[in-house]
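Those sequence lines, one after another, are chains B and E.
Just so it is clear: in the first sequence, position 17 is 18 by the working numbering, and no numbers are missing.
Just so it is clear: in the second sequence, position 317 is 1188 by the working numbering, and no numbers are missing.
Any given hint might turn out to be false.
A few chain B residues that face chain E, going by a derived Cβ cut-off under 8 angstroms, partial list only [stated by the list, open to error]:
id : residue
1  : 15
2  : 49
3  : 53
4  : 55
5  : 56
6  : 57
7  : 59
8  : 62
9  : 65
I should point out that these hints are in silico values taken from the structure, not numbers from a laboratory.
As the structure is a prediction and not an experimental result, all values here were calculated from the model.
Backbone N, C-alpha and C fix where the C-beta goes; we use that ideal spot for every residue, glycine too.
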Amino acid sequence: MRQTVTSARPSRFAHGLQVASRALVALVGGYLAAALYTAAMARFLPIARVEAVMTGMLSSFAIYACVAVMAFAVATATRAWLWLALVCVPPAIALYVSMHGAGA
Amino acid sequence: MKEGLRQSMAWLHTWLGLLFGWLLLAVFVTGTTAYFQDEITRWMQPEIAGERNLDASAEGALAYMKAHAQGAESWTIQLPGRRSVAAMGYWKEKGETYRQWRDHAFMVDGRGRKVDARDTTGGWLLYRLHFDLHYVPVLWGRWAVGLAAMFMLVAIVSGVITHKKIFADFFTMRLGKGQRSWLDAHNLTAVLALPFHFMITYTGLVTLMSQYMPWGIPAAYERPADYYRDHLGADAPPTRSGEAAPMASLSAMIRQAREHWHGAEPGFIAIALPGDANSVVKITQETGAAMGTRGETLSFDAATGIMRRLPPVKGGASQTESVMVGLHAGRFAPPALRWLYFFSGIVGSAMVATGLVLWTAKRRQQLPDPSRPYFGFRLVEKLNIATIAGLPFGIAVYFIANRLLPTGMAARVAWEAHWLFIGWGSVMLYVFLRPPRRAWIESLGIAGAAFFAVPLVDAATTDRGLLRSLIAGDLVFASFDVCMLVTASLFVCAAWTIHRRPVATIRVGRSAKASIA
């Protein structure tokens, strides 16, 4: 198996954990990020509703792919989680405030 | 860090590719055949001949349903596209779902006459296999294929990052050098059609995006039905008045539609509540009429034949979606472009296949004892052979079953499909019983023989064999048979090439590795 980006000589187990952690960011985190941005575009884009929904859906797979690549490109699995959080928090807050907040 | 990025991307590319390679190969191969879906269906229904005539077949189908399906909830006519001959009609009785449409389906030829063609799913089975798989619920199949497509998208991006010399790779082909050759072949097939691979993967995801990524709908709409109303422009279905009213001329409505579309042809006619005073006729433009696949649907009052209000004009995003789906399916493509689609699909299949073989070629040199590889290695190697030779063999068996299964047999359609998987499964079983080298040679040989058999069985069982088709100038049937012969020859050549290669090549690969390092 190839050596990873991480520290000099990780044990097999530690390496496996790193990979599993990154894979989780890519697979589940990527989907979550794509879903959040799709929903945010559908809700906030200043165009006809059906068009906004469609724009979000059309771009979602590009977002998913970017997050998946990011998960394996950054130096450590922890950084992958941090980046994921950074990416996901703004649309999540905006959606929450818009759908449940403001006195609701 | 740059080196690190490339290495981690190479790792990602290798394992994603392996995990989904076999499924992706099946998706690529069946999807490639789907570019000739209509032609395959025509070949699989040799009883249907002649020229297409939209108006005659529409009227013929309508007359048949007037005689046999009074009081049905809906009548539907699927008109032949420009590469087909026959129209298909079907109706839905009260309380039935659209899934039961096959129970009331019939074919009408270009003279408006019902034809009794053999019951087959034709090219449609391969098309559906491409995204629905088989023997699993449709939704699961689509999730699996969607996940594979998403992996492929990431594999493309990571593959591009991995190959920093991507342009130079394009001009590099070192033959007969073991692992190097497989790597070059994989690079060449990947880079040659890279725009196609990227386009086909992304647009493939778009075709099913409302299943994969529906989260925008609840964010913008209270009720999902409202989104589909806006998206598809569908009005509420009419309610039955109970009053009978004869239907105005369908041909006149088709003529109005044609004029409205500046000559573009209709492809689909749906009549809700036929015979009722509230009946509505909907005519949808042929999917191949423009690059965007979602043609406009016009509604008519069935009793008067008057066109109702026009559907709203589509916005930019909706049109983009329509064009992306159209680009994926290529229904608009004229013959030259269709062949380009087909060859791009073959190159894509070859890219996946060479990638899978590369996985074993690379690891074979590192085996502690090449005569006794570890379990994972043997499994991957066997599955590679079973998919690369077995699936095409199954498709050939499907074509042969179409000619040999009795036309009147029960569940004929299901059995045609079963035979595809019986063929594929038996090669898989065979491959696991043979040593790898023999398994490659023999299974490729068997696949070649099966493709040779297709035109022979056709000539023996129908009056539309290759010779007669050539004499009659029947381009579709002749081309199909020639394609079978070409495919057969390619498989036999592949088998022969491996057969002629000395067993010692594996060791040569080792020294090649030393020279690279």
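Quick rundown of the hints versus the structure:
| no. | hint | result |
| --- | --- | --- |
| 1 | 15 | violated (16 angstroms) |
| 2 | 49 | holds (6 angstroms) |
| 3 | 53 | holds (6 angstroms) |
| 4 | 55 | holds (4 angstroms) |
| 5 | 56 | holds (5 angstroms) |
| 6 | 57 | holds (4 angstroms) |
| 7 | 59 | holds (6 angstroms) |
| 8 | 62 | holds (5 angstroms) |
| 9 | 65 | holds (6 angstroms) |
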